[in-house]
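Asker: Work out the full structure: start from the sequences and follow the hints.
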Amino acid sequence: RQGTQMWSIVPPINQAWYNSSLVRDGEGWTRQERIIKAFKVLAAAGYTWETPPVDAFGRIVPARGIRLPDGSPMAPFTILTPPADYDPARAISGTLIQQWLKAFGMPAAARPMAFSALIQEVKHRHRFDAFVMGYGRLSLDPDYLFSFFHSSQDKARGWNMSGYRNAVYDRLAERSRQEMDERRRRRIIFEMQRILVQDVPYVPLYRPRLIEAVRTDHFQGWVPMLDGVSNIWTFCELWPVQAESSLRLLESLQAKFRPSNGRRTNGIQ
Numbered sequence: 001r002q003g004t005q006m007w008s009i010v011p012p013i014n015q016a017w018y019n020s021s022l023v024r025d026g027e028g029w030t031r032q033e034r035i036i037k038a039f040k041v042l043a044a045a046g047y048t049w050e051t052p053p054v055d056a057f058g059r060i061v062p063a064r065g066i067r068l069p070d071g072s073p074m075a076p077f078t079i080l081t082p083p084a085d086y087d088p089a090r091a092i093s094g095t096l097i098q099q100w101l102k103a104f105g106m107p108a109a110a111r112p113m114a115f116s117a118l119i120q121e122v123k124h125r126h127r128f129d130a131f132v133m134g135y136g137r138l139s140l141d142p143d144y145l146f147s148f149f150h151s152s153q154d155k156a157r158g159w160n161m162s163g164y165r166n167a168v169y170d171r172l173a174e175r176s177r178q179e180m181d182e183r184r185r186r187r188i189i190f191e192m193q194r195i196l197v198q199d200v201p202y203v204p205l206y207r208p209r210l211i212e213a214v215r216t217d218h219f220q221g222w223v224p225m226l227d228g229v230s231n232i233w234t235f236c237e238l239w240p241v242q243a244e245s246s247l248r249l250l251e252s253l254q255a256k257f258r259p260s261n262g263r264r265t266n267g268i269q
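Under the working numbering, the first residue of the sequence shown carries the number 1, and numbering increases by one thereafter.
Just so you know, these hints were derived from the structure itself, not from any lab.
You may find that some hints are simply not true.
Unchecked claim - Here are the simulated DSS-like cross-link-like pairs (lysine-lysine), alpha carbons at most 27 Å apart as the crow flies: (1) K123 with K155; (2) K40 with K102; (3) K37 with K102.
Answerer: Below is the structure:
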């Protein structure tokens, strides 16, 4: 496996702030169970098909001709992704989602594009149907939940790229920045995650599996963090093992030859 499943924007590895009690719709379901559930949800909302994805006998069949609740055909929509040579995992994610939606009768099409152009369309112009992107080097403190989803950030070049707006969420996000009591702030952050799972401005897909190889026999002081050991704290703490051994030897020799009266001797000073 190349990653771990995500249920919240806050990764599970960030145990201090991750809400582990979130509803996990679809966890452990088969593909057939997922399709039947999605079909029931859409049918209850008024969507119809020329050929529905579930026939009268409960069998999964290729669907076609999905129509909106008002009876009009669903317009084609595009899923923007980075190109495969930039990020193959996200590119293939868009292709897989396209295939699943098409099998459900939805006219979806994945469109890889240069990353700089993708950022222009999504972040600067907010001009998209759907997109697949990811975030790296998230901080331990989940203040990014404000940046990603507060309505004040729903603007050109703002970080609220999904255009999400929820007055209740805004108030919680503002309180989370002001609350100094850690336990109260944790409850606020947990509630923010619950609201996001309910409203679904983003669908968290996966956290890539991070595999790093380091030489502990040559260097010590590696500092593990959410984004791995290649962080500023590692570079502040990293020491060659041999240099550390030499330093300890020198300190022991200094202590051994240091006179109690503070006068110089012929030993090492």
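Asker: Going through the earlier hints one by one, which of them does the structure break, listed in rising order?
Answerer: Checked against the structure, no hint fails, so every one of them is satisfied.
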